[in-house]
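Colleague: Kindly produce the complete structure, drawing on both the sequences and the hints.
As you go down the protein sequences, you meet chains Y and L in turn.
When we follow the numbering used here, the leftmost residue of the first sequence carries the number 4, and every step to the right adds one.
When we follow the numbering used here, the leftmost residue of the second sequence carries the number -4, and every step to the right adds one.
I should point out that these hints are in silico values taken from the structure, not numbers from a laboratory.
Hints should not be assumed to be uniformly reliable.
Which chain Y residues face chain L? A few, computed with CB under 7 Å, are given here [unchecked claim]:
| hint | residue |
| --- | --- |
| 1 | N148 |
| 2 | D157 |
| 3 | A158 |
| 4 | P170 |
No farther apart than 27 Å at their CA atoms in a straight line, the calculated lysine-lysine pairs in the BS3-like style are these [what the hints assert, rightly or not]:
| hint | chain 1 | residue 1 | chain 2 | residue 2 |
| --- | --- | --- | --- | --- |
| 5 | L | K103 | Y | K165 |
| 6 | Y | K165 | L | K101 |
| 7 | L | K110 | L | K175 |
| 8 | L | K60 | L | K12 |
| 9 | L | K70 | Y | K85 |
| 10 | L | K175 | L | K220 |
| 11 | L | K76 | L | K103 |
| 12 | L | K70 | L | K103 |
| 13 | L | K60 | L | K24 |
| 14 | L | K76 | L | K23 |
| 15 | L | K101 | L | K175 |
| 16 | Y | K165 | L | K110 |
| 17 | L | K136 | Y | K165 |
| 18 | L | K175 | L | K76 |
| 19 | L | K175 | L | K136 |
| 20 | L | K60 | L | K70 |
| 21 | L | K76 | L | K136 |
| 22 | L | K101 | Y | K85 |
| 23 | Y | K181 | Y | K165 |
| 24 | L | K60 | L | K76 |
| 25 | L | K24 | L | K213 |
| 26 | Y | K85 | L | K103 |
| 27 | L | K215 | L | K23 |
| 28 | L | K70 | Y | K165 |
| 29 | L | K76 | Y | K165 |
| 30 | L | K24 | L | K110 |
| 31 | L | K101 | L | K76 |
Built from N, CA and C at the ideal position, the CB exists for glycine as well.
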Amino acid sequence: MMKKWTLYIFLGAALLALWQYFGSFNQTVRLLVSSPTLSMNYFVENAGSLLHAAQTTLIEAVVGLIIATIFSFAVMILCFYKPGILEFVLPLMVTSQVIPLIVLAPFFIILMGIGLSSKITMAAVMCFFPIFVNFAQGYTTISSNIHELLYIYDAPLSFRIKSVYFPLSMGSIMAGLKISATLAVIGAIVAEFNGAELGLGKNLYLSAKRLEPELMISSLVLATLIGFILFGTIRIIELRTGRKL
Amino acid sequence: MMFVNLDNIGFSYTEGKPVVSGVSFGLKKGETLAVVGASGCGKSTLLRIISGILPQSPHNYLSGKLTVDGQTSDKYRRSGKLAFMFQEPTLMPNLTVRQNIAFPLKIKGMNNNQKVDDLVDAVGLTAFAGYYPSRLSGGMKTRVSLARSFVTDPELLFLDEPFAALDIAWKSRLYRELEKLLEVHNSTVIFVTHDVQEALLLSDDVLVFNSGGGIKSKYKIENEKSISERVNDISGYMSEVYSEYMLPIQDAIMNGDDV
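Modeller: If you want it as structure tokens, here you go:
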């Protein structure tokens, strides 16, 4: 285990050293990806505005993820009450995953303007499908014997949903949430590309326009950090809820 | 009066292709009936019909007359007086041994700690009461499932090959545990098995199904020995019943396609 981590640290350090070397002595590399020290200096000088942009993107991604989670749970609960809906909707949802939903970003900007709501909506749309489809697939894999057991004891639907369907689908729900955690950040950033007052997406867009690789690297690191925070939070929740399974 | 009464019961998932056909028999309270037959002959379907699980779908076809305690099987199921033990233990993975045994009570919004503790103890799992199913052996899971079946004091118990995956040592132990529980609860039992020896060890009557889902033959086991007496001297008991029951039942199963 220790050896593995040592190798990771060594590889990371080697990459940074190579990046620093080429960024310092090669103008093309410097123009494309800057260098670690220049990026770090840029980050320190502009920490306030960069962190503010990251905070905006984080809020958009988190709110989008929460809305998508609530909405997919609500649709799934509706499907439990009317099973015919799930049979009809699930194949459509699975098929819909091939649509690159990111193309909807300009539509939401036109519809809602360049404020937070269009980015939150984009993030929520990106997250909804994986959460819903995973939940539905988790539910459909519950053994028929469990369903028969509940039928034998005449379990009320509210009991089934709360005490059986949710707990037994939790693994799939968490898998969907983990996929969505990354998608929420992508959704928010892509929506920001299309027009925003603030955010890491806007920074990335400007970095290309202004040829500012330090801004790009700083924004990229912060976006990665947001992805890690969301993914890590869901992983912690998963470990806590799934510890006994 | 018969407690369970089937009169010319037929069932099919597709019209004209019966899974169960022309099944008639009666069962008195407290009796144990074994249903044996080749794979796919409709034994498990019969259990699901009597227990009211089938027909759940309007696409199924059920014919004949079936009553349990003078009521339709569905009405009887709703009374909460039956239990079903599946071939797989069918435990909730997120619940402990104790919680799994108490699960039917939880469904009904009831709480009876003493009864649950007694059942945990009856199946010898007191030391494992806080364990989750992932930490239990196959035999332990079956014992949890067995205990769960008795937590609602069922009048009528269905066993769908619950011991099929266990070795003879575990089976013998569970037969004794089943007998103890039946003595306390005096349940009527209908169980499905492939194992003729198991049928002869546990039941008062044996019903042999043919491959068309009908009754090939029926045997009343005239033997006064209790389950534990039969299990404790298994070779002696099997030689007692060998020529009169074991051979004819095996013969009937092997020639089960003679509809």
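Colleague: All hints are to be evaluated individually against the structure, with a verdict given for each.
Modeller: How the hints compare with the structure:
| no. | hint | in the structure |
| --- | --- | --- |
| 1 | N148 | holds, 4 Å |
| 2 | D157 | holds, 5 Å |
| 3 | A158 | holds, 5 Å |
| 4 | P170 | holds, 5 Å |
| 5 | L:K103 x Y:K165 | holds, 14 Å |
| 6 | Y:K165 x L:K101 | holds, 12 Å |
| 7 | L:K110 x L:K175 | holds, 14 Å |
| 8 | L:K60 x L:K12 | holds, 19 Å |
| 9 | L:K70 x Y:K85 | holds, 24 Å |
| 10 | L:K175 x L:K220 | holds, 14 Å |
| 11 | L:K76 x L:K103 | holds, 12 Å |
| 12 | L:K70 x L:K103 | holds, 16 Å |
| 13 | L:K60 x L:K24 | holds, 19 Å |
| 14 | L:K76 x L:K23 | holds, 16 Å |
| 15 | L:K101 x L:K175 | holds, 24 Å |
| 16 | Y:K165 x L:K110 | holds, 25 Å |
| 17 | L:K136 x Y:K165 | holds, 24 Å |
| 18 | L:K175 x L:K76 | holds, 19 Å |
| 19 | L:K175 x L:K136 | holds, 18 Å |
| 20 | L:K60 x L:K70 | holds, 14 Å |
| 21 | L:K76 x L:K136 | holds, 23 Å |
| 22 | L:K101 x Y:K85 | holds, 24 Å |
| 23 | Y:K181 x Y:K165 | holds, 22 Å |
| 24 | L:K60 x L:K76 | holds, 20 Å |
| 25 | L:K24 x L:K213 | holds, 18 Å |
| 26 | Y:K85 x L:K103 | holds, 23 Å |
| 27 | L:K215 x L:K23 | holds, 13 Å |
| 28 | L:K70 x Y:K165 | holds, 26 Å |
| 29 | L:K76 x Y:K165 | holds, 24 Å |
| 30 | L:K24 x L:K110 | holds, 23 Å |
| 31 | L:K101 x L:K76 | holds, 15 Å |
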